[in-house]
Structures are given as C-alpha cells and as structure tokens.
Amino acid sequence: MATASYVGDWRPHRPRGPIGAHFKSPGPKYIDEPSCLWFTIHDARKYRNPAFSFGTRHATFTNDCSPGPGYLVPANITKRGTDGTPKYSLYGRHKETTAFKNPGPGTYSPEKSGRSAQYSAPSYSLSGRTKGHKTDISPGTPGPGTYRVIAPWVYKNKGPLYSMTGRNMLPSDATRKPGPGAHSPEKVVINKKQAPQHSFGIRHSEYTAPLIIS
Numbered sequence: 001m002a003t004a005s006y007v008g009d010w011r012p013h014r015p016r017g018p019i020g021a022h023f024k025s026p027g028p029k030y031i032d033e034p035s036c037l038w039f040t041i042h043d044a045r046k047y048r049n050p051a052f053s054f055g056t057r058h059a060t061f062t063n064d065c066s067p068g069p070g071y072l073v074p075a076n077i078t079k080r081g082t083d084g085t086p087k088y089s090l091y092g093r094h095k096e097t098t099a100f101k102n103p104g105p106g107t108y109s110p111e112k113s114g115r116s117a118q119y120s121a122p123s124y125s126l127s128g129r130t131k132g133h134k135t136d137i138s139p140g141t142p143g144p145g146t147y148r149v150i151a152p153w154v155y156k157n158k159g160p161l162y163s164m165t166g167r168n169m170l171p172s173d174a175t176r177k178p179g180p181g182a183h184s185p186e187k188v189v190i191n192k193k194q195a196p197q198h199s200f201g202i203r204h205s206e207y208t209a210p211l212i213i214s
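Going by the UniProt record's numbering, the sequence shown opens with residue 1, and the numbers climb by one from there.
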C-alpha cells in the first residue's frame with residue numbers, strides 16, 4: 001500500500017470551524033438583484049421589454065374621458081389656436097360693453113402726476129387750507145344757553161315765605177297741567193290705520209353716533 005507524501009508537518013485533520021465548501025448553495029451568478037420597478041427577476045441596470053398579459057383590465061383604466069382618434073378638428077385650428085382669419089356674418093353687431101373697459105397702458109400719464117409720485121422738498125404756503133376742511137364744524141349738541149335755569153326749591157329744601165297781601169286763591173302747586181281743551185283726539189293715529197308719509201328732509205343728524213350691538 002502506497003503511503004501519501006505530505007509537505008512539511010501538515011497532516012489531514014478536521015477543520016476547526018465551518019467553511020464555505022461544506023455548504024451547497026448557488027454561486028453569485030444565480031442571485032437575482034431586486035428591481036426598483038416591481039418586476040420579478042429583472043435587473044434594474046438593464047432595459048426591459050414591455051410585458052403583456054391576458055388578465056382582465058380594471059375599471060379605473062377603462063373609464064377614459066378623452067376623445068378617441070375619430071374626433072373632428074376644425075380646419076382653422078392650428079397648434080397655436082385659431083388661424084386668425086377674419087370672419088363675417090349677417091347678424092347685427094352688439095353694443096360694446098362698457099363694464100369691462102379697463103384703461104390700457106397708454107391711458108396713464110406718470111409725468112403729469114406732479115409731486116404726488118416723486119420725491120420733493122417740503123413746501124409751505126400762507127394761504128388758507130380749504131381742501132378737505134369742513135365748513136360746518138358745529139357738533140350738533142345744545143350749548144350752555146339752551147338750558148333754562150331751574151328754581152332751587154325744585155331740588156332743594158325751601159323755607160317758608162310770608163307776605164302781607166291777602167290770599168284770594170286756593171293754594172296749588174307750581175306745575176302746569178293740561179286742561180280738557182289741550183287734548184286733540186282727532187289727531188291721534190297711534191291706534192288707527194294711517195297712510196305712509198314721505199318727507200325730503202334729513203331724518204338723522206350726521207353727528208348722531210350709530211347704534212352698535214355686539
């Protein structure tokens with residue numbers, strides 16, 4: 001029996017740990033790289049031909065609102081819109097609308113704006129300023145002379161008064177009361193029907209504060 005010759009002190013022995021030769025697995029050429037396009041077994045670094053299937057098509061892909069190849073394109077329509085040729089008709093011409101007539105660029109005159117649109121030094125004048133000044137500055141409220149002076153004994157205590165003249169009338173108070181002839185029942189319209197009345201005067205004062213209810 002022939003004996004095997006070994007080089008040096010090396011002799012066959014069991015490996016201390018597992019090595020790749022002990023496992024049966026495919027090599028690197030059999031590993032498929034995952035694709036970013038969600039295709040099975042496809043290399044993302046290479047082109048892929050379109051794939052067709054015989055399955056059913058979902059409704060979301062069939063409901064298309066775009067016109068088909070049979071729609072008619074007018075002859076005067078170009079890729080930039082209408083061709084711009086003049087069109088004539090026998091109908092009457094409508095009036096030009098004035099609500100949408102906006103001023104064009106040539107309507108403005110910045111050179112005529114004066115100092116309102118340009119920087120200028122402050123200027124002073126000795127004339128009166130009338131623009132923006134109201135001539136009637138009265139507040140619309142009564143002044144001090146409008147109120148009448150009330151007798152002090154109306155809101156204060158009053159001492160007794162004596163006189164040397166004879167008293168020929170019954171004592172009464174100083175208030176004035178309306179008599180039977182002061183009333184006019186025929187002029188009362190609060191409990192009767194009345195036709196509307198119109199006036200051309202100013203109903204409210206311009207100085208009256210508005211009623212604000214928060």
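One or more hints might be untrue.
Derived CB-CB ranges, DEER-like [stated by the list, open to error]:
hint, residue 1, residue 2, range
1, Asn102, Tyr71, 50 to 60 Å
2, Arg93, Pro210, 31 to 41 Å
3, Pro142, Asn191, 31 to 41 Å
4, Trp153, Gly128, 49 to 59 Å
5, Tyr124, Arg93, 32 to 42 Å
The calculated lysine-lysine pairs, modelled on DSSO-like cross-linking and capped at a C-alpha distance of 30 Å, are [stated by the list, open to error]:
hint, residue 1, residue 2
6, Lys177, Lys187
7, Lys192, Lys177
8, Lys87, Lys101
9, Lys177, Lys156
10, Lys101, Lys112
11, Lys187, Lys158
To be clear, the hints were calculated from the coordinates, so they are not data collected in a lab. For clarity, every value in this text was computed on a predicted model and none was experimentally measured. Just so it is clear, CB atoms sit at the ideal spot from N, CA and C, and this is done for glycine as well.
Against the structure, the hints:
no. : hint                         : in the structure
1   : Asn102 to Tyr71: 50 to 60 Å  : 37 Å, violated
2   : Arg93 to Pro210: 31 to 41 Å  : 50 Å, violated
3   : Pro142 to Asn191: 31 to 41 Å : 33 Å, holds
4   : Trp153 to Gly128: 49 to 59 Å : 52 Å, holds
5   : Tyr124 to Arg93: 32 to 42 Å  : 57 Å, violated
6   : Lys177 to Lys187             : 20 Å, holds
7   : Lys192 to Lys177             : 27 Å, holds
8   : Lys87 to Lys101              : 23 Å, holds
9   : Lys177 to Lys156             : 22 Å, holds
10  : Lys101 to Lys112             : 23 Å, holds
11  : Lys187 to Lys158             : 41 Å, violated
Of the numbered hints listed earlier, those contradicted by the structure are 1, 2, 5 and 11.
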